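According to the working numbering, the stretch in the sequence shown is residues -9 to 386, in order.
These are computed hints drawn from the structure, not numbers from a lab.
Quick caveat, the model's predicted, so the values are computed rather than measured.
Be a bit skeptical, because a hint or two may be false.
Across the chosen pairs, the derived CB separations fall in these ranges [said to hold, decoys possible]:
no., residue 1, residue 2, range
1, PHE375, GLU131, 22 to 30 Å
2, THR306, SER112, 27 to 35 Å
3, HIS118, GLU253, 36 to 44 Å
4, ALA384, TYR250, 17 to 25 Å
5, ASP242, LYS183, 19 to 27 Å
6, SER133, PRO303, 26 to 34 Å
7, LYS126, ILE240, 22 to 30 Å
8, THR349, CYS229, 24 to 32 Å
9, LYS379, GLU97, 34 to 42 Å
10, SER133, ILE111, 30 to 38 Å
Note that the Cβ used here is the ideal one computed from N, Cα and C, for glycine as well.
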Amino acid sequence: MTVPSPVSVSVWAASNFLPAKAMAVSPLILTTGSSCIRRRGRGYLYNRVHQLLQKQWMHLFKKSRLPPFSSPPRNITTSTFGSSLAFTSRRTFSSFYSSHSKMSSEEITHPTIKDGWFREISDMWPGHAMTLRVEKVLVHEKSKYQDVLIFKSTDFGNVLVLDNVIQCTERDEFSYQEMIAHLALNSHPNPKKVLVIGGGDGGVLREIVKHDCVEEATLCDIDEAVVRLSKEHLPSMACGFDHPKSKTHIGDGFKFLNDYKNEFDVIITDSSDPDGPAEALFQKSYFQLLHDALREGGVITTQGSESPWLHLPLITRLKKDCQAIFPVAEYAYTTIPTYPSGQIGFMVCSKDPKADVKTPLRSWTKEEEDAKCRYYSAEIHKASFVLPKFAQKALE
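Given only the sequences and the hints, what does the whole structure look like? Please build it.
As structure tokens, this is what we get:
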């Protein structure tokens, strides 16, 4: 007896031993009684059958102490070979398809993900969308306040999404976190007590504690789910929670500020967009609370709502509201590829009428900057306030 060819073995095993479930989902039509496979959608099941059976076939010959692809000994009959192959094939395919079915049934889905791509579509930036290729959905949870999604992307690492809008990715988050933190901290002569409103991923805390002069950094976020899930899936950002100078309070930032007067040197508002649970953090009354919670000479930075390319009227209103409360109020921006238009801005305000927030009062040495930062520098600090003409005119 000669050993059957890989093609005839594959056809024979597939037509006789594949489970019904596998046959149902396969795109192939198998004809028994011949070595012919008529295929619709080329190759997937055939290749899989071939690979798996070849492994079993090699295993059988190894047990028989024969070199591969040689004739079996005369005392191994066709029926013996066939029954052994049938058993191993049935076991292999049953195991493969049952595990595949189990993985499919446990796969996490989300309405923003289709055909392996996450799509960020919002009325806040009509006419265009942001897409990222998804490798795996890590977690999806409906919290008390918002829809929380974290997925692993193919090119931007793990991605945090709140109410279908990207908040941060592991690849580019540092440009936002560093700028919103260090613009304020380096505009203050000696910040000791710092408050973060929002920032549940922990990235801003991570940046704050890089300043040796800071003695206490408190974070207040309304959604415990964001903090909890960030600790699990975004460890490079959430490490800020573990620092001995850090404190965390779960609650409404607006209400939290009501309890503090002349308390903080720097307050950083790292909020989501103004059409969700963070809506109150874009109102004039909120900026008054920030002002009152600051000590003399205190500084704030707050997310300035996206970029001049998309929300110039909103930015103009925010700046006017801040100017009505703070003697110094300036707009700066940073570049970040996964935010709409690749840009996002900040309001930087001071209670000190003589302050020049456009120039850092404190700075690190070049060696310290290189060790602590990947985006921020004293030069970037100054440059971030230089706006294109159309934005400059609108904000004058």
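Structure-based check of all given hints:
Taken as a hint, the range 22 to 30 Å is violated for the pair PHE375 and GLU131, whose Cβ atoms sit roughly 38 Å apart. As the Cβ distance of THR306 to SER112 is approximately 20 Å, the hint placing it in 27 to 35 Å is violated. Judged by the Cβ atoms, the range 36 to 44 Å given for HIS118 and GLU253 holds: they are separated by roughly 42 Å. In this structure the hint that ALA384 and TYR250 lie 17 to 25 Å apart at CB is violated, the actual value being about 34 Å.
One distance hint, 19 to 27 Å for the beta-carbon pair ASP242 and LYS183, holds here, with the actual separation near 20 Å. The given range of 26 to 34 Å is respected by SER133 and PRO303, whose C-beta atoms sit roughly 31 Å from each other. Between LYS126 and ILE240 the beta carbon distance is about 28 Å. The supplied range of 22 to 30 Å therefore holds. Roughly 30 Å separates the CB atoms of THR349 and CYS229, a value that falls within the hinted 24 to 32 Å.
Remark: the range hint 34 to 42 Å for LYS379 to GLU97 is contradicted by a beta-carbon distance near 50 Å. Checked against the hint of 30 to 38 Å, the pair SER133 and ILE111 fails, with Cβ atoms roughly 21 Å apart.
The structure is inconsistent with the numbered hints 1, 2, 4, 9, 10, although it conforms to all the rest.
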